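There are 4 protein chains.
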Amino acid sequence: MTRNKSPDLHGNAPDESPVALLLIDVINDFEFDENGGDLFQRAMPAATRIAALKERTAQQGIPAIYVNDNFGKWRSDFRNLVAHCLEEDRRGRPLVELLKPTDNDYFVLKPKQSGFYSTTLDLLLKHLGAHDLILTGFSSDICVQLTASDAHLRDYYLIVPRDCVASLSEEENERALRYMERVLEADIRPSTEIELTNVSNFISPSPSGRRLG
Amino acid sequence: MTRNKSPDLHGNAPDESPVALLLIDVINDFEFDENGGDLFQRAMPAATRIAALKERTAQQGIPAIYVNDNFGKWRSDFRNLVAHCLEEDRRGRPLVELLKPTDNDYFVLKPKQSGFYSTTLDLLLKHLGAHDLILTGFSSDICVQLTASDAHLRDYYLIVPRDCVASLSEEENERALRYMERVLEADIRPSTEIELTNVSNFISPSPSGRRLG
Amino acid sequence: MTRNKSPDLHGNAPDESPVALLLIDVINDFEFDENGGDLFQRAMPAATRIAALKERTAQQGIPAIYVNDNFGKWRSDFRNLVAHCLEEDRRGRPLVELLKPTDNDYFVLKPKQSGFYSTTLDLLLKHLGAHDLILTGFSSDICVQLTASDAHLRDYYLIVPRDCVASLSEEENERALRYMERVLEADIRPSTEIELTNVSNFISPSPSGRRLG
Amino acid sequence: MTRNKSPDLHGNAPDESPVALLLIDVINDFEFDENGGDLFQRAMPAATRIAALKERTAQQGIPAIYVNDNFGKWRSDFRNLVAHCLEEDRRGRPLVELLKPTDNDYFVLKPKQSGFYSTTLDLLLKHLGAHDLILTGFSSDICVQLTASDAHLRDYYLIVPRDCVASLSEEENERALRYMERVLEADIRPSTEIELTNVSNFISPSPSGRRLG
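Residue numbers (my numbering), protein chains in the order written: chain A, 1 to 213; chain B, 1 to 213; chain C, 1 to 213; chain D, 1 to 213.
Just so you know, these hints were derived from the structure itself, not from any lab.
Heads up, a few of these hints could be off.
Heads up, simulated SDA-like pairs for lysine to any residue below, C-alpha to C-alpha not over 25 Å straight-line [said to hold, decoys possible]: (1) Lys73(D) <-> Arg90(D); (2) Lys126(D) <-> Ser118(A); (3) Lys100(A) <-> Glu16(A); (4) Lys126(D) <-> Gln59(B); (5) Lys73(C) <-> Leu124(A); (6) Lys126(A) <-> Phe78(A); (7) Lys126(B) <-> Leu123(C); (8) Lys112(B) <-> Arg175(A); (9) Lys126(D) <-> Ser118(C).
Keep in mind it's a predicted model, so treat the numbers as computed, not measured.
Based on the provided sequences and hints, a complete structural model is requested.
Written as structure tokens, this is what we have:
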């Protein structure tokens, strides 16, 4: 857990970063009940933006953490889930293709809706030194909001780019964003308005250095 | 931790109960910023209903647990907080008078909004054998909802009587109730419609026996 | 999470069982510092007994859970770790060959010495309905004992078969066993003296039914 | 939670300190079974040293935290427990007189042996900014050791002054001290050899500044 001293982190996932990108339940076959198709339609445009954001954060050496449902398959690991979603005829396949993890990415399997409940996420974030979390994924009003709630209790600063989340209903999506902004003090600006150029400055314990521009 | 075999539990708080009544942040001086007065106005009618509900649950041997903010006073205990709120000229005094704890009641001081975060609440509920929680208190959209979220993750069944919670804004109160009903699967019927006569039947591990009538 | 009603569970890992077998840090390359070789020498005979015990428990439908260090490799999954340890020239290879997981086995990666700290183990055991834990693995005085301590706090009943654990020093191994017996109330009889024939009787919430014969 | 800037902290308990003194199960009536008297005999000399150490740490502005069993009395608060132990004829009375808490002290009621399990201790220590813990109290091989184990998992640095703990048996006391030194990396020097004069230097996140002299 030594700090990566390289001045050029482009393309590398460091072991230490004040910011982390969370991708919540993006590895998903969208094969659930009558609503899977509707959610997929809303999720696909957000996934395109998440992929673009992930490329930008990777260039800044910001680690990406997949925080994903295990679908109740306690014996599966993350790579199994990815492979399952990439099989032909899975509805979620094009989305998972867009957001396929690389070897540099981290992953946490969550048994419930919140990424913090009964997982190692909090300890992983402390290992990384991350205190600012960019939350993306699906659905905004359930797994994203419940993960954001637990993160807020633990004093993480939250950015939930409004174009990188989606829900089954646009109305619920809006309600969730407003709730996270009002109660959980999240920054909900669109991903394109997040400045990432000075991220190295964020390696600082002082509260004044804790905000992304 | 032996089960109380007495056929007549009226007036006693047993060590075992399938249901527990939670009173969230009701011990409150309402002396915070410009909004304390507005919240107090909305909270007072709910407090009257909570007091009536608490009398009914006590008659059925259902334990009451005060889950209360410590106001950042890490050295205080619960009785100090009650005494503080009962001092003359405190805005919250009439409300706290209504909901004053008895020696039979339990209490849990919470350092953050959720009653489960960094407290012994979950273990106390397991000690009691409680799996159905009646959540009451303030404010519905913050401490009640975040406590409900954590309870749902832990598989508790939730009843949030809509007349026993309040928020600074009626609109946010309604949104919180709908969210708890839709996402956290809470029963939000008014307190007067909760039947408590067959609570002894709820001492049952079977899912089919897990619901209040 | 429905109970497996099949009268013949032989060879299957059910989703529900009152007993679980834990294999602690057995997936290990034993390539650490000057002591790896010494620990390997002591661990190998225990591994042979663990393998025999695992065969017996599998026949009774008792699930096996690998609770394993992630070696600080936060991006690895369990199958990577197994593959790593099975590479040629790894000191631990013969031991890992003996204890290679099957597709029916569960696994939990632990970032610290205790299997409960910052992992999903407790929730997995609750999902399985397991309240009796058979702890095996290495080393008895560190990861086994610290996992046993956390299990005892959570009211699990512990069996630590004295022939299925090992430590760098026989003296510390004995001290750890005596500590777990005296303070953590563990049954430390040898694996060959554990009767597993009536395990189905253990599907019982009553304290009197909580003990293996 | 602002840092106390006063150069003279003597006699005050600050809200921020890199070091905290823990007093484990010292509020105790020693009225349990046949062994209470024996443990009391061994605990009394340690209590005298704890009292002296507490006076020194208080002069340096190091906060004292009572981490105490609730004796299964879930409705009691800490002051009740103190009052109970100070009643006439309680065996523990002289010891509790020596270690009576002041209004500046913190307290955490623990339902199980470890001070961290299902309590707010970890969050309180983070609120204080404490990363070095001086553990004192009874008994060394049970509640002190299990609290130390959980503290070590959470990366606290441990000092367990060997003259400030006691157990029912001197042999188990020695075993516990050696275990905490060997496995939990605790400093077990006697309390008189702990230098506290430069504690203000410890307000530093750097590992090199993390050790008491």
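task = List in ascending order the numbers of the hints, as given earlier, that are violated by the structure.
result = 4
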